[in-house]
Every structure is written in structure tokens, then in C-alpha cells.
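Asker: Sequence:
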Amino acid sequence: MKFSSASFLLTILATANAFVPQSTPKFGTRLNVVTEEPGKISSPADDKIDRSMIGVDPADSFDPTKGGSPALKRNNNNDVWVPQRARPRRNRKSPAVRAMIRENIVTPSNFIYPLFIHDEDFNTPIGSMPGCERHSLDSMIKEVGEAFELGVKTFVLFPKVDDDLKTNLAAEAYNPAGIVPRAVRMIKEAYPDSVVCTDVALDPYSNQGHDGVVEDGKILNDVTINQLCKQAVCQAEAGSDVVAPSDMMDGRVGAIRDALDAQGFTDVSILAYTAKYASAYYGPFRDALDSHPGFGDKKTYQQDPANGRESLIEAALDAAEGADMLMVKPGMPYLDVIRRLKDYSPLPIAAYHVSGEYAMIKAACERGWLDEKSVVLETLTCFKRAGADIILTYYAKQAAIWMKEDGLI
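To convert, take the position in the sequence shown, counting from 1, and add 792; that gives the working numbering.
Don't read these hints as lab results, they were simulated from the structure.
Note that the coordinates shown come from a computational prediction; the quantities given were computed from them, not determined experimentally.
No false leads were mixed into what you were given.
Here are the in silico distance ranges between beta carbons for each label pair: (1) Glu-1007 <-> Pro-1097: 20 to 28 Å; (2) Gly-1199 <-> Gly-919: 33 to 41 Å; (3) Ile-893 <-> Pro-922: 31 to 39 Å; (4) Thr-1058 <-> Ile-1201: 31 to 39 Å; (5) Asp-911 <-> Arg-1101: 36 to 44 Å; (6) Lys-1010 <-> Asp-911: 27 to 35 Å; (7) Thr-916 <-> Thr-1058: 33 to 41 Å; (8) Asp-954 <-> Met-892: 49 to 57 Å.
The calculated DSBU-like cross-link candidates involving lysine-lysine, where the alpha carbons are at most 35 Å apart (straight line), are: (9) Lys-1010 <-> Lys-1091; (10) Lys-1022 <-> Lys-1134; (11) Lys-1010 <-> Lys-1134; (12) Lys-1165 <-> Lys-840.
We put the beta carbon where it would ideally sit given N, CA and C, even for glycine.
Take the sequences, apply the hints, and build the full model.
Answerer: This is how it looks when you write it as C-alpha cells:
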């Protein structure tokens, strides 16, 4: 028997059609959705779920409410039900409830705002810290004023010093006419209710790029402290409210406390950089001050990032020597250390959200990988949750703006 080409094609199509599977109900196709109006197609946001969940899947499907050991039960309304009295989600059910029971709240009063300054009549953007710049002193006053109005009332100053003023003994650090004493006087005159903190360390003034005096490649501990005492007294004379020794020399807190007291500055506080680690997160800060180490690294005086318990030794010494507040630096990678110090010491604990942390957030947000506002406010809350009472952050002013926009201040 011969087939025409047309009949052969029809035979092939009929055979193929016989093998096409019949449509069967798909799992979850019936949502048991009750709509407000008959015939109305509801959007997912308008869907009301039949909480009995009966008929959602084919009859022979697994039902968590049936069998000898059912995972769920049914309540008096025949709804699926997990018989659990304690439901933590009840305390998260609305913004008002969440706000009412929130354990940790960050406000602008918790911030210390770091400001970079230089002796120029213009500002210089810091490439590795987008949004930050070296301020002229006039610009510094403007920035302080704007932040002050937002509730950020504490500032810490970091100077970029001209190279021709740098020496191994860092004598410019205690020059009464130097940039930091002049800046302190300007801020206190314009905003007498502000709190001005000053960094006590030699690295911005050192031609070696280190936090102390160098001899034969070593940092001289006691000679450095001699210079730090002069620097702290000079800053106090200018009006500094809080001196913050960041050098990590042994015994410097006690010596600075005695030097301040001997000169009548018993009310000047000491914010000790208690647990300052030899971290890789400081690079952008050193760009801002042009204070990279001239040789080697800072591991002989800053703490080993692998050590946590060692911070308790430093905390005990700083407290005994007269520190008023204890700082952990960096912040986010060292939340465990913040918690250790909080549990160990009754003194207020500060966390420094350092330049590298700031730069990482900026870089990710510029690429659209993170939402800047959300991640920054979460980060700052993490510091508070870990135990920090004080947060040094380059986001201080911007965070205060966001808080104001959200009605938090």
C-alpha cells in the first residue's frame, strides 16, 4: 500500500498527539482565595487565604495536619495551627510595638564626628573616603555648625600637617599656635556647648610616620610619653574637653592624667584608645592625614588582631591610670572586643567606625550592591547592641539627617 505525502504527514501528527500528556492539576494551583467581590481577580496583596488549607493540593498529597504524628493541628476554626503559646513575632507585629520594646536606640548624641583639617583656605576631597574632605578651618566651623544643629555635639580633630613641620620628636604637636590648638579655640568660641576631643599621638607630626619617637628602627616608649604629655597639656590649654591618646604606649594614660592634673586641668577627660589593633582597615585614614608609616608597621605597639583577652589587660591598666572612657578600634570587625570591655568595665565604651569600614560601605553602595541609609543605620545600631555607648563615625552628620527624616529626632 502506498501513502501519499499528505496522508503520511497526517499519520505522523496523529501519532505524536497521542503521546501528549493530558493536563493534570498542579500543586498549589488552587489557592482557596476568597475575594471581596465575586468574579474579581485579586492581586497577591489583596488575597485572603483560606487558613484551613483544605483542597490546596491533590487529595493524595502529604498533609502536615494528618497522620499518627501530625506536624500541625487544627484550631476551633478548623484552621491549621501550631499549638505554641510563646510567639516572639507578636512583639514585631507593627512599627509601634517594635519601637516600644526596642532594646538599643542610637541617637546623634551618641556620635563623635571625626573631622580632618588642614592649614589651607580650600577643602581637599579624600579620594579613598568619598564624602569626606580635609577642611579649611572656616569650613570646619561650618561643618560643626551644621552637625550641631542636628544634635551631633561632639567632635574629634585630625590634622594634616605640612611636611616641613614634621620631625622625629614631633615638637609641632605641642605648638600653641599649631593647627589643632587654633581649631579648638575656634570651635569653642563659636559653639561653647560643643564637646571637642583631640587626638594625642605623634604620627601626624612625625617625619617617621609613627605614633612615637624613633631610634634605630624602634619606637621609644617613655620618650614618646614625654612628648605626649606636652601635647595633651597644650590641647587642654586651647580648650579641649577630651584628650584621646591613640598611640598605645605603655603607661601613657597615667602620665597624661598626672600632667593634666598638675597643670590644673582636672576636668579634662581622657578617652583612651584602649584596644587599638594593628589593623588593615586604617588605610584611607592615613591617606587623609598623609601619615603612612615611613618604615615597617605598627605591630610593636598596636594590638594583634588575633587577640581578644589582651584587651582586658589594656582596659584594666587604662582604668587604673585614670581613663574616663575606653575605646575599641576598629569597630565592626571587633564587636566581640566591644562586648568583652562592656561586660568587664563600668566605664563608658566607645567604638570607632574606622575609615576602611566607611570606605567599604561607600564602595558597595556606589555600585548599587547595598542601600546606604539602611546599612549605615544598621551598622551603627550593631555598635550599640554590642555595648558601645559612644560611636565615632564619619557618617555622624549624615546619619543624623536620616534620623531626622525618619522622625527619630
